[in-house]
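Take the sequences, apply the hints, and build the full model.
There are 2 protein chains.
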Amino acid sequence: MEKESYKKEYKVLKDIIEKKLDEYVPIKYPEEIYQSMKYSLNAGGKRLRPIMALEVCKMLSGSFEKAIPTACAIEMLHTQSLIHDDLPCMDNDDYRRGKLTNHKAFSESTAVLAGDALLSYAPKLIIEKSKLSANIIMELIREFCIAAGVDGIISGQIVDIDSENKKISSETLDYIHEYKTAKLFILAIKAGAIIAEGTTKQIQELEKFAKVFGHAFQIYDDILDEVSTLEELGKTPGKDANTHKATYTSIFGLDNAKNKVRLLCTQCCDILENNKMNSIILKGIVSDIMERVC
Amino acid sequence: MEKESYKKEYKVLKDIIEKKLDEYVPIKYPEEIYQSMKYSLNAGGKRLRPIMALEVCKMLSGSFEKAIPTACAIEMLHTQSLIHDDLPCMDNDDYRRGKLTNHKAFSESTAVLAGDALLSYAPKLIIEKSKLSANIIMELIREFCIAAGVDGIISGQIVDIDSENKKISSETLDYIHEYKTAKLFILAIKAGAIIAEGTTKQIQELEKFAKVFGHAFQIYDDILDEVSTLEELGKTPGKDANTHKATYTSIFGLDNAKNKVRLLCTQCCDILENNKMNSIILKGIVSDIMERVC
Chain E
3 MEKESYKKEY KVLKDIIEKK LDEYVPIKYP EEIYQSMKYS LNAGGKRLRP IMALEVCKML
63 SGSFEKAIPT ACAIEMLHTQ SLIHDDLPCM DNDDYRRGKL TNHKAFSEST AVLAGDALLS
123 YAPKLIIEKS KLSANIIMEL IREFCIAAGV DGIISGQIVD IDSENKKISS ETLDYIHEYK
183 TAKLFILAIK AGAIIAEGTT KQIQELEKFA KVFGHAFQIY DDILDEVSTL EELGKTPGKD
243 ANTHKATYTS IFGLDNAKNK VRLLCTQCCD ILENNKMNSI ILKGIVSDIM ERVC
Chain Y
3 MEKESYKKEY KVLKDIIEKK LDEYVPIKYP EEIYQSMKYS LNAGGKRLRP IMALEVCKML
63 SGSFEKAIPT ACAIEMLHTQ SLIHDDLPCM DNDDYRRGKL TNHKAFSEST AVLAGDALLS
123 YAPKLIIEKS KLSANIIMEL IREFCIAAGV DGIISGQIVD IDSENKKISS ETLDYIHEYK
183 TAKLFILAIK AGAIIAEGTT KQIQELEKFA KVFGHAFQIY DDILDEVSTL EELGKTPGKD
243 ANTHKATYTS IFGLDNAKNK VRLLCTQCCD ILENNKMNSI ILKGIVSDIM ERVC
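Protein sequences appear in the order of chains E and Y. Heads up: the first sequence is residues 3 to 296, going by this note's numbering. Heads up: the second sequence is residues 3 to 296, going by this note's numbering.
Don't read these hints as lab results, they were simulated from the structure. Glycine included, every Cβ here is placed at the ideal spot set by N, Cα and C. All the given hints hold, so there is nothing to weed out.
Chain Y is faced by these chain E residues, among others (derived, beta-carbon under 10 Å):
no. : residue
1   : Ser-38
2   : Ala-124
3   : Ser-157
4   : Val-161
DSSO-like, lysine-lysine: derived pairs with alpha carbons at most 27 Å apart:
no. : chain 1 : residue 1 : chain 2 : residue 2
5   : Y       : Lys-21    : Y       : Lys-40
6   : Y       : Lys-10    : Y       : Lys-48
7   : E       : Lys-168   : Y       : Lys-30
8   : E       : Lys-106   : Y       : Lys-247
9   : Y       : Lys-5     : Y       : Lys-210
10  : E       : Lys-106   : Y       : Lys-168
11  : Y       : Lys-22    : Y       : Lys-5
12  : E       : Lys-169   : Y       : Lys-30
13  : E       : Lys-168   : Y       : Lys-106
14  : Y       : Lys-21    : Y       : Lys-48
15  : E       : Lys-131   : Y       : Lys-131
16  : Y       : Lys-16    : Y       : Lys-30
Pairwise CB distance ranges (calculated):
no. : chain 1 : residue 1 : chain 2 : residue 2 : range
17  : E       : Gly-255   : Y       : Ile-29    : 31 to 39 Å
18  : E       : Lys-13    : Y       : Gly-100   : 56 to 64 Å
19  : E       : Asn-276   : Y       : Glu-166   : 54 to 62 Å
20  : E       : Leu-102   : Y       : Ser-171   : 27 to 35 Å
21  : E       : Thr-202   : Y       : Pro-28    : 24 to 32 Å
22  : Y       : Lys-5     : E       : Thr-202   : 52 to 60 Å
Written as C-alpha cells, this is what we have:
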C-alpha cells in the first residue's frame with residue numbers, strides 16, 4: 003500500500019520536474035546550443051536529486067512551488083556533469099540512458115559548450131524564477147557553487163580520473179564517492195531545507211542523511227555496472243573494470259558491496275526515524291535501492 | 003603627462019588584481035585542479051576586464067575594495083572561456099600568452115575541469131568576499147550568468163565555430179563580436195556601476211560604451227592576428243585565416259578594419275565625454291587601441 007502511494011507520488015514529482023525542465027529551456031537562436039542542452043536534459047533518468055529537493059522542502063512545510071526552479075537547477079548541474087564526464091577526454095562514453103551521449107549526438111565542442119551553458123543557466127534560473135528573498139537565493143547559489151566546483155564534483159572527478167589503473171586506498175575511494183556523488187545529494191537535500199527555512203539541527207541531520215545516501219547510491223551504481231547488460235543499464239556495462247577504475251566492488255568484492263549498501267540504507271532510515279522525518283518519498287527511494295541489492 | 007599617469011594607475015590596478023587572484027585561489031588537495039586553475043589565472047594578460055570593473059566603480063564613487071572580488075571573478079570567467087576555447091575540439095591552440103595552453107601543460111580532462119571549476123569558483127567568490135548587500139550580489143551574479151552563458155559568450159562561440167569555412171554576413175559577424183567579446187566587457191563595466199550604485203542612465207551609457215568598445219577590441223584583435231609574429235602575439239598568428247574563420251579583416255580588408263577601429267574608439271570617447279565620465283584609465287585604454295592601429 004505504502005509502496006503504491008510512493009510510486010504514485012514519485013511520478014507526480016517526476017512529471018513536474020520534466021515539464022518544468024522543458025519549459026525553462028526554450029529553443030532560440032543559435033538553436034544548436036539550446037537543442038544540445040535540451041537533448042541531455044530530456045534524456046530521462048530518475049530525477050532523484052530534484053525530487054529529493056522538492057520532497058525535503060515539502061516535508062519541512064516549505065513552499066513547494068518556490069522550490070521548483072532550484073530543483074530544476076540541480077538537475078541541470080547533474081546533467082552538466084554527465085555531459086562533461088562522458089567526453090572522449092574523460093570517461094569516453096558513447097551511450098547514456100540508452101541514447102547517444104551529447105558529444106556523439108552533436109559534436110565535442112557543442113557538448114563542452116552545452117555543459118558550460120548549463121552551469122550558468124542554473125543559478126540564473128534560481129535568481130529569476132524562485133520568488134525567494136535575496137538572502138535565501140544567495141545561500142542557495144553558494145551551496146550550488148560548492149557542489150559544482152572544487153569543493154564538490156570537480157575534485158571528485160579529478161581524483162577519480164587520477165585513480166584509473168592504480169591501486170587506491172579505501173580512504174581515497176571514500177573521497178571519490180563523497181565528492182563525485184554525495185555532494186550533489188547534499189546540495190539537493192540542503193537546498194530543499196534552506197527554502198523551507200528548516201532549523202540548523204534539521205539541516206545538519208538531513209546533510210548526514212544525504213552523505214550516507216550518496217555513498218550507498220555510488221556503491222549501488224558500481225554493483226549495477228558489474229552485473230547489468232547494456233539494455234538494463236542504458237550505458238556500456240563493465241566499463242569500470244575495463245578502464246581499471248577503482249570501485250567498491252573491485253576492492254571489496256560484490257558480496258561485501260551489497261552488504262555495505264544495505265548497511266548504509268539502514269543508517270539512512272534510522273536518521274529519518276530518529277528525527278521524525280516522515281517522508282514516503284525519501285523512505286521509498288532508500289528502500290528501492292536496498293531491495294535491488296537483495 | 004596624462005599618458006604617464008595612465009600607465010602608472012593602470013599598473014597599480016593590474017598589480018592589485020594579480021595579487022588578489024593569486025590569494026583567492028590557494029593550492030589544496032587535489033592539487034592538480036588548483037594548479038591548473040592557477041596556471042591559467044597567472045598566465046598574464048592585460049587584465050582589461052577586471053581593471054575596467056574597478057575603474058568604473060571608482061569613477062562613480064563606489065567602494066573600490068568591495069569591487070575587487072567581482073573584478074577577479076570576471077577575470078576567472080574570461081580565463082575559463084580561454085581554457086575551453088583553446089581545447090583541441092574548439093580552436094585547438096597550443097600557445098596562449100607565450101605559454102603552453104592549459105590542456106598542453108596539464109591534460110585535456112584537467113583543462114575541461116579547470117574551466118568548469120572557475121565557472122562556479124567565481125560566483126562563490128562574489129558571495130563570500132564582497133561585503134555587499136544580498137540584493138546587489140544577486141544582481142551581480144545574474145549579470146555574471148548572462149555573460150557566461152547562452153545570453154553571452156557561449157552563443158558567440160557556437161556561432162563562431164559554426165561559421166568556420168563559411169561565407170558569413172556582416173550581421174553574423176556583428177553577432178559573434180557582440181556575444182563572444184562585447185558581453186564580457188559589458189559585464190565588467192556594468193558590475194562596476196552596480197557596485198557603485200550608479201543611476202539607470204549611467205548604467206545605460208556605460209553599457210553602450212562597453213558594447214562599442216567590445217566591437218573595437220575584437221576587430222583590433224583580428225588585425226593583430228593578421229599582422230603579428232608569434233613572439234608579439236604570444237599565440238600562433240594567422241590562425242584565423244588558416245582555419246578560414248570569418249573576421250572583420252577577411253571580409254572588409256585590413257584598411258577598412260583599421261578605420262572601423264578608429265571610428266568605434268572615437269565613439270567610445272564621445273560617450274565618456276558626453277556623460278562627463280572623466281576616467282584616465284578608460285580614456286587611456288581606448289587611446290592605446292586607437293594608437294596601435296595607426
